[in-house]
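J.: Sequence:
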Amino acid sequence: MIRKATLLAALLALTVVATAPGAAATKSAKASRQTLAVSISSISPQVPTAQTDVIKFTGTLRNDSGTPQSSLRVRLRYSSQKLPDRAALATYQSDQNPATLWGIGSQNSFMDIPALAAGAQARWEFTATPVQLGYRSFGVYPVAVEVIQNGVQVMTQRTYLTYAPPTVPKLPRNKLAIALPVIDQPHRGTDRDAKSGAPLFVDDKLSQSITGKGRLADLARIAQAAPKAVTWFVEPSLLDDLDAMKNKYLVKVKGKDETQEKPANPEAANWLTTMRTALAGSPVVAVPYADPDVAALAHQGLDTQTGRAIELGRQKAAALLQREVKTNINWPPAGMLDADALDLLSVSKDPVDTVLLNSTNLPPQPPVPFTPDAAGTLDSVNGPVTALVADAELSKLFEPAAPTSVLLSTQHFIAETAMIAAEAGQTSPRSIVIAPSRRWDPNPTLVNALLRTANKLPWLRLTPLDSIKKSKLSVPRAGLTYTDQDRKEELSAKYLTPVKDVTSKAQLTSLITAEKTPSSFDAAVLRLTSSAWRNSTRAGRAVTKQVSIAVTEQTEKIEITGSGPNRTRTLAGSSGQVPISVKNELGVEIALYIDVTSNNPELLQVDFPQKEPMKIGPRQSGMVQVKMNAAPGTSGDATVTVQLKTSDNQPYGKPQRLTIRTTGYTGIASVIVGAALTVMLAAVVMRVLRRRSERKLAHAAKTRENENV
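Numbering (mature numbering (1 follows the signal peptide of the UniProt record, and there is no 0)), first residue to last: -20 to -1, 1 to 689.
For the record, the hints were derived by calculation from the structure and aren't laboratory data.
Quick reminder that beta carbons are idealized off the backbone N, C-alpha and C, glycines included.
Listed next, with one range per pair, are the computed distances between beta-carbon atoms:
hint, residue 1, residue 2, range
1, A494, E533, 14 to 24 Å
2, P246, E533, 26 to 36 Å
3, A249, T80, 52 to 62 Å
4, S176, Q204, 32 to 42 Å
5, A522, S176, 18 to 28 Å
6, T15, S176, 55 to 65 Å
7, E533, K228, 16 to 26 Å
8, R518, A319, 29 to 39 Å
9, P246, R153, 39 to 49 Å
Let the sequences and hints guide you as you build the complete structure.
T.: Next up, the structure:
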């Protein structure tokens, strides 16, 4: 019911309400704030368009105290004065001072609530038309519901009502692009367990996230209902992890050096199928694999990782979603990057030509009193890059900091976008971009309600993100604003130093193979650079250690056999060839070079110009003969260092030492000694033969004597 009064009477009555209560009433009001809860359940229609539209406001008042509450009244507050701009709208939304409500109502309506028992609730309802509310032109009008007890306001709920009569000049239909992220943190260290070959996970959080009210399950629900114009940013390592869970997998037991076997998870396959189907007709952008901290990589000398992450991300996302995906658009961590990171993205093998940024990263210069067009241009080392700047206030509505009413968020969204459309000086459509935080935890009911609303408002046109381009409406911007605090948010040099070491060693496992195939640790190394570790460096370091151990174990599967100080090779004479054997326990053919260096050049020199790499088949051994020369007339032990190397001359594995024992004989001396030995041997043989002949003659003579007798 609406009770009308003159403006003077209304203000006079309200003044009495605001000043009359004594200390007892104030104390009662404070207690009621903790025990009463008012909510607005519906506003219908959400956007009235005619003077005669009947607008119905409904809601409830609930008594959460342990005692009955009485002398309650619910009042609808409204104003015939529309809010002038988005700044005023924000002020009204954030200001909870009861006194500010007195000035917004030229009329008031109220409803008395019967005494409420403990735990009980009462329904309230108000109806009015735009004429009764004093609405005469297009705009956003403040509305509030307040609860009064014993004449004192104890709480309020503020919202907005947008009036859009058809008689106003046609509003520009602004282009609205909505980017929704499907980004998580890495859940695997190495891809597979070295012993069993099963996928190896550092935790089992994904199994909870994809079912029930889990975060990823909610994202799948949103994807199924979202308009096809919404652009999705999908992180490929998440898809990769879920694909690995379709079979038996292992999970590392926290705090222990052991793993637990998990059965194949059918929900992982179901989630992938759901997303594959839901996104079939929508624009999809693949985030670089594992969502690396690109700015940190640029600043810490890991430049090559960004390009590889983009390439692997495209391959994995396309394979698992069974469709082509875009990689030319990049959404950096927190929507923030600097010139170094921009250059790194622009020169990758799959160059980035568009970036999605936070509004603080690229502010207008000078500041403008209206909502700037979302598109701008940045200069990179590889040419111009389109910058799309997300609207901060609209983006927040998709993930409120605290639980909020779906209705109030929707009314707020309608009000914000209507205010943009009505801003002075706008004669043609502008571009607006919405992008909630990248690892958000969405409310599907809220997000789907906002998407449905965005798709039907007459002053908005939902469009894919890649359709937003710089236009004549674009405003000058200050350039990339990247503060010292932004640098502190990056993965630190302390964190990335061991990652850099693991990366170098992992690359060698690829360079040593005959076919130069990508390293089996590519994905694992990229997961170590994930921006997810910004707020979880301890977990990131644990995964780095796990990958480092696995890389070392694989490196040691190629070894020089028979090395060490207790293993010797004998060099007979001053020169000769010494065999060196290499064992390959990998399942692929390898091609390597062997570098042999004398540690005692004056005693022993090495002559081994290897022109072609030595190839060794899987699980086989190979051997080379290395020519060595000892100094004439010397004997004793010398050492050489043997280092395996890749085709581009990088050391592989640890260097090994071999002991070479020299005899001290020159080549001629060996011949002389050999000849002397031969002569001596011949003399001995002749003497033996002569003695044997003499014994035979004596024996024959004795035999004849015996016969004569």
